[in-house]
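Participant: For the record, the sequence lines run as chains D and L. The numbering used here numbers the first residue of the first sequence as 1 and each following residue consecutively. The numbering used here numbers the first residue of the second sequence as 1 and each following residue consecutively.
There could be a bad hint or two in this list.
What the hints assert, rightly or not - Stretch by stretch, here's where chain L covers chain D in the computed footprint (C-beta under 8 Å, at least three residues): (1) 40 to 54; (2) 160 to 173; (3) 182 to 194; (4) 254 to 261; (5) 341 to 352; (6) 402 to 415; (7) 451 to 457.
Unchecked claim - Far from chain D, some chain L residues (derived; all Cβ distances over 10 Å): (8) K74; (9) K82; (10) V129; (11) G166; (12) E168; (13) D192; (14) K200; (15) A202; (16) N219.
If you're looking for bench data, these hints aren't it; they were derived computationally from the structure. The structure displayed is predicted, hence computed values, not measured ones. Quick reminder that beta carbons are idealized off the backbone N, C-alpha and C, glycines included.
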Amino acid sequence: MQSNAALEYDYTVAKLFTYVTILFGFLGMLVGTILALQLAFPELNYLIGEYGTFSRLRPIHTNTVIFGFTVSGVFATWYYFAQRVLKVSMAESRFLMIMGKVHFWVYFIGALIATITLVFGISAGKEYAQYEWWVDIVIVIIWIMWGVNIFGMIGIRREKALYVSIWYYLACFLGIAMLYLFNNMSIPTYFATEGLGSIHHSVSMYSGTNDALVQWWYGHNAVAFGFTVPIVGMIYYFLPKESGQAIYSYKLSLLSFWGLMFVYLWAGSHHLLWSTVPDWMQTMGSAFSIVLILPSWGSAINMLLTMKGEWNQLAENPLIKFMVIASTFYMLSTIEGPIQAIKSVNAIAHFTDWIPGHVHDGVLGWVVFMIMASLFHMTPRMFKREIYSKKLMGIQFWMQTTAVVLYFTSMWIAGITQGMMWRAVDEYGNLVYSFIDTVTVLHPYYVIRGVSGVLYTAGFILFAFNIYKTITAGRKLTEEPQFRTPMA
Amino acid sequence: MFFHWLEKNPFYFALMISVVISFAGLLEIVPNFAQAARPLSTEKPKTVLELAGKNLYVKDNCIACHSQMIRPFKSETDRYGKYSLSGEYAYDRPFLWGSKRTGPDLHRVGNYRTTDWHENHMRDPKAMVPGSIMPAYKHMFTNVADIESAYAEAVTVKNAFFTPYGPEFKRTRAAWEAHRPKVIADAKKIADDMKDEDVKKAVANGEVPEIVAMIAYLNSLK
C-alpha cells in the first residue's frame, strides 16, 4: 500500500521546459505577426535581405510554433503532472533525472540549430516537415529521450491505473513517432553518390501523389497528435485540478479517446480533395472528418459538463476562463474543419485564407490558451508563489480573445471572397476576375489580421511578464494550494 | 472490464494505441501505392538544371504561396490550363502541390510565361503585375545555384527508384565533371533570352546564377 504522506515532487526539468515554452511561443508569434503584416504591407519583406521574405520566414513561424512552443509545452506539462498522477517523484530515480536534463538541453540546442537551418533555406520542402535528414535524426533522438522518461516513470509508478491524461500523452508519443518517421523517409544524396553536392541535401522516398498522401497523412495527424491529443490530455488534468471538480464522465472519456485514436488518421486525405488522389480516398477523408466531430465534441462536452453547477468559477477565476474558452474554441475549430472537408465546400475553401483562419482559431484559441492556462496553474506550485497579478490575466484574456475573433472572422471573409472570385464568370461564361484582382481585394482583411497578430503577441508578452513576476516577486506560499490557484 | 485492465497494463495499452492508429495509413496509402507511382508515358524526368531550379523552389519555399495542382473545375482549367494528372507528378520528389494560393497556380506556367517575363517579374513583381504582393527575389540574380547537388539527386533517384536518367548518370565525381558542360549549355540557352549582363557573364564563366535554374524549372512546368 502506498503511504498517504505527500510526495515531494521535483520540478527541475518542468521549470526548464516552461522557460523555453514561453521563449519559443514569443518567437513563433513574433514571426507570425511579421508574416501577417508582410501580406498587408509587402515592403516588410526586405528587412533582412533574402532571409526575410514571406516564403523563407513561414517555415520558421510554423516550425517554431509546432516543434518549439507546443512541443516544449507538452514536455513542460508532462514533467510536471506525470509525477503527480503516477505518484512518483522524478527525484526518486537518478537515471530519469539525468535523462530529463539531457533531454532538455539536447532539445533546446537542437531546436536552435534546426531554426538556423531553416533561415538558410536548408529544407526538404514538405510543409511542417521541412527539416533536412540530419535534423530529423536529432529530432528522433529527442523524441526517444522523452519516451525513456514516459516509460521510465510509468515503470516505477505507484498509482497502478493510468489516468486519462497519461493515455493522451502516450498516444502523442506513439503517434508522432510513427508519423514523423514515415513521412521524413529520405535518402541523403551526398552519401548515395561519391560525396557529390551538399551534405544537407536529400530526396524523398515517395514521389508525386504518394508523397502527397504520406505528407498529408502526416500533416493532418501531426495536428492531431501534437495540437489535439496532448492538449486534451492537459485539460483532463488541469481543469479538474483547478476547479476541484471530478471529470463528468469516465465513459465519455473512454469513447472520446478511442474514437479519436481510430478516426483521426483517416481524415488526412481531406487535404487532397479534388486532387489527383483516387476518389475513394478523398471520400473516405471527407466522411471520417464528419465522424471526427463525435470524439472531438465528446471531450469538449465532457469538459464543459465537468463545470456543471460550478459556473460561478468562471467569473471568479480567470484560469477557469482560459480553459473554458479553450474548449469552446476547440469545439468551433472541430466543427469548422469537418465543414471544410465536405467536398463542395472544399472546392471554394481550399487554397484560400479560410484555411489559415481555421488553423488559427484552433491553435490560438485552443492550443495556446490551454498551454498558457497550464503554465499559470503550474508556476505557483513549482515556485511556491502566488500569481503576480489577476488583473493582468484578465486584460491578457480579453486582448487575446479579441485577437482570435479578429483573426478568424477576417480570414473567413477573405477566404470566401477569394474562393468566390476565382470561380466567378460573366453571362458568357468567361472568368470575371484576373488573379491579381483576388489579391488586392484582400488588403483590408490582411490589415485586420496584422492587428490581430500584434494584439495576440502583446497579450502573450503580458503573460510572460506575469509569469516572470510570479517567479521573482509573487507572494510566497507556505503550502501548496489544493485547487484554485491563488492570485494577487 | 477490458478497459480497466488495459489501463493497468501500459505495455498493452501502448500496443493497442499503435494498432488502432495504424489502420488508416495502411488502408488508405498502401493499396494504391504502386499505381500512384506510375508516370505518364510522355513524362520525362527533369534535367539537372531544372532539378537545381526545383531545389531553389524548395529552398525559397515558393509553395508557401503557389500551388501546382489544377483542380478539375472549369474556372481552373480556363485560368491555368488542363487539369493535373497523377502521372505528371511521378518524378516529383518532394511533391510540390502546395496548400495555399496567395499567388496563382504554377503547374503549367511554362505554357504561358516566358524567360523574359520571369526575369523581370522575379526582379520586381510589381513592374509586371501592378498590385502584386509577392516579394522581389533579387538575390537569385547574384547567388550561385547548386547544380552539383541536383546532379547527385538525379543519380540517387536513378539508382534508388529507377527514374529513367541516361547511362551517363553515375555516382562518380568524374561522371559529374563530364556532365557539367551539358548543364552549363542548358543554362546558356536560358541566359541568352535574358537581359541581365552579369547573369550572362556568370554563365559564360561556367557558373549558374540561381535565377537561371529557377527560370529553367518554371519553363519546364507544362
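Participant: Which earlier hints can't be squared with this structure?
Facilitator: 6, 7, 8, 10
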